[in-house]
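Chemist: Listed below, chain by chain, are the residues.
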Amino acid sequence: GAVVSQHPSRVICKSGTSVKIECRSLDFQATTMFWYRQFPKKSLMLMATSNEGSKATYEQGVEKDKFLINHASLTLSTLTVTSAHPEDSSFYICSATTGTSGTYNEQFFGPGTRLTVL
Amino acid sequence: AQKVTQAQTEISVVEKEDVTLDCVYETRDTTYYLFWYKQPPSGELVFLIRRNSFDEQNEISGRYSWNFQKSTSSFNFTITASQVVDSAVYFCALSEASYSGAGSYQLTFGKGTKLSVIP
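In the order they appear, the protein sequences are chains A and B. At position 25 of the first sequence the residue is numbered 25 (my numbering), and the sequence of numbers has no breaks. At position 100 of the second sequence the residue is numbered 100 (my numbering), and the sequence of numbers has no breaks.
Simulated from the structure, these hints should not be mistaken for lab results. The model shown is predicted, which means the values in this text are computed figures rather than measured ones. We put the CB at the ideal spot given by N, CA and C, even for glycine. Please note that the accuracy of each hint is not assured.
[Claimed, not checked] Selected chain A positions facing chain B (Cβ under 10 Å, derived; list incomplete): (1) Ser15; (2) Thr49; (3) Ser95.
[To be verified] Derived pair list, reagent style DSSO-like, types lysine-lysine, alpha-carbon separation capped at 27 Å: (4) B:Lys38 - B:Lys3; (5) A:Lys66 - B:Lys111; (6) A:Lys64 - A:Lys14; (7) A:Lys55 - A:Lys41; (8) A:Lys66 - A:Lys41; (9) B:Lys114 - B:Lys70; (10) B:Lys3 - B:Lys111; (11) B:Lys3 - B:Lys70; (12) B:Lys114 - A:Lys41; (13) A:Lys14 - A:Lys66; (14) B:Lys111 - A:Lys64; (15) A:Lys20 - A:Lys55; (16) A:Lys64 - B:Lys3; (17) A:Lys20 - A:Lys42; (18) B:Lys3 - B:Lys114; (19) B:Lys3 - A:Lys42; (20) B:Lys70 - B:Lys111; (21) A:Lys55 - B:Lys114; (22) A:Lys66 - A:Lys55; (23) A:Lys41 - A:Lys14; (24) B:Lys111 - B:Lys16; (25) B:Lys3 - A:Lys41; (26) A:Lys41 - B:Lys111; (27) B:Lys16 - B:Lys114; (28) A:Lys66 - A:Lys42; (29) B:Lys70 - B:Lys38; (30) B:Lys114 - A:Lys42; (31) A:Lys20 - A:Lys64; (32) A:Lys41 - B:Lys16; (33) A:Lys41 - A:Lys20; (34) B:Lys38 - B:Lys114; (35) B:Lys111 - A:Lys42; (36) B:Lys38 - A:Lys42.
[To be verified] Covered stretches of chain B (chain A as the covering partner; in silico rule of three or more C-beta atoms under 8 Å from a C-beta of chain A): (37) 38 to 51; (38) 107 to 118.
Extracted from the complex, chain B is given alone in its bound form:
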């Protein structure tokens, strides 16, 4: 069974500080996908990144960066120079290669980390 753990329930930082959100996952599959989503107060999920299990390269997108380490089963997310608009709940999610219908993969979400960026 797959599992995603986000140990940090809530984090508060002052604007312009860097912050790292932790994500640890468990899976028995060798092929899987990892995701990060942002959920602002409006509730709509915003897709941030998808990584497959064969691609361990770290990725940077503007102020966002992701560190994928299979050795520790972690997929951490760092926001550099945080801004108030970054305040949201961030979810890490995992999808194994076992699929439900025509290539789709079920997502298992972590419990989320609520990030508050204080001006």
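The shape of chain A in the complex, shown without the other chains:
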């Protein structure tokens, strides 16, 4: 149980185009999803927290107009990188949690999406 998928696993796009990455919880309902970014040989940096049905909360320094996050259902969150540039090339990882109030809930991580912007 507790499987999180990401699609696509790899994407190459031209500079200036937009790319959408999907994060799905396959066997549980995820009230909260997190999006992380990982540069080569670096750590995971939290970009934003997404709660189902509400606007995402972005970390300081993350451009919300550039990285659009939508969490329209309990099993799907999407990250859209708008007007992508080569510096947006990175490994994007999502995680999902059931989010029951008052208890700790495990974050289950997706396999990641490697974005390369030419």
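Starting from the known structure of chain A, fit chain B onto it as the hints suggest.
Modeler: Just chain B now, with coordinates in the frame of chain A:
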């Protein structure tokens, strides 16, 4: 603010050697959680362990063991009799009790330690 420090950037050991990965954390909360994750070259994070701040018992799982010491704010990870398959980047992470939405807790990751096990 919470912080996780993994001072060892890269470690190389010969197969069958024991290796310890260090993790030091900072937090103002009395309730928090500590984690270790493994990230093989494929990129997918593999959950290894979670410890809450009230449980200082050390844990052993096969060749893996963890030493949690609140007095030194450390949560070190030891691999006994290392194998080539242990080669990966290992991340220590911390989650404080302040949560974002319905009981979920944000994770702060250390910079990771790249372990190379040489046959």
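Chemist: All the hints need checking, so say for each whether the structure fits it.
Modeler: Evaluation of the provided hints:
no. : hint               : result
1   : Ser15              : violated (23 Å)
2   : Thr49              : holds (5 Å)
3   : Ser95              : holds (8 Å)
4   : B:Lys38 - B:Lys3   : holds (19 Å)
5   : A:Lys66 - B:Lys111 : holds (25 Å)
6   : A:Lys64 - A:Lys14  : holds (21 Å)
7   : A:Lys55 - A:Lys41  : violated (31 Å)
8   : A:Lys66 - A:Lys41  : holds (24 Å)
9   : B:Lys114 - B:Lys70 : holds (25 Å)
10  : B:Lys3 - B:Lys111  : holds (10 Å)
11  : B:Lys3 - B:Lys70   : holds (15 Å)
12  : B:Lys114 - A:Lys41 : holds (9 Å)
13  : A:Lys14 - A:Lys66  : holds (16 Å)
14  : B:Lys111 - A:Lys64 : holds (25 Å)
15  : A:Lys20 - A:Lys55  : holds (17 Å)
16  : A:Lys64 - B:Lys3   : holds (24 Å)
17  : A:Lys20 - A:Lys42  : holds (23 Å)
18  : B:Lys3 - B:Lys114  : holds (19 Å)
19  : B:Lys3 - A:Lys42   : holds (15 Å)
20  : B:Lys70 - B:Lys111 : holds (21 Å)
21  : A:Lys55 - B:Lys114 : violated (36 Å)
22  : A:Lys66 - A:Lys55  : holds (15 Å)
23  : A:Lys41 - A:Lys14  : holds (24 Å)
24  : B:Lys111 - B:Lys16 : holds (25 Å)
25  : B:Lys3 - A:Lys41   : holds (19 Å)
26  : A:Lys41 - B:Lys111 : holds (9 Å)
27  : B:Lys16 - B:Lys114 : holds (17 Å)
28  : A:Lys66 - A:Lys42  : holds (22 Å)
29  : B:Lys70 - B:Lys38  : holds (23 Å)
30  : B:Lys114 - A:Lys42 : holds (10 Å)
31  : A:Lys20 - A:Lys64  : holds (14 Å)
32  : A:Lys41 - B:Lys16  : holds (26 Å)
33  : A:Lys41 - A:Lys20  : holds (24 Å)
34  : B:Lys38 - B:Lys114 : holds (10 Å)
35  : B:Lys111 - A:Lys42 : holds (6 Å)
36  : B:Lys38 - A:Lys42  : holds (14 Å)
37  : 38 to 51           : holds (count 6)
38  : 107 to 118         : holds (count 7)
In terms of the numbered hints stated before, the structure departs from hints 1, 7 and 21, listed from lowest to highest.
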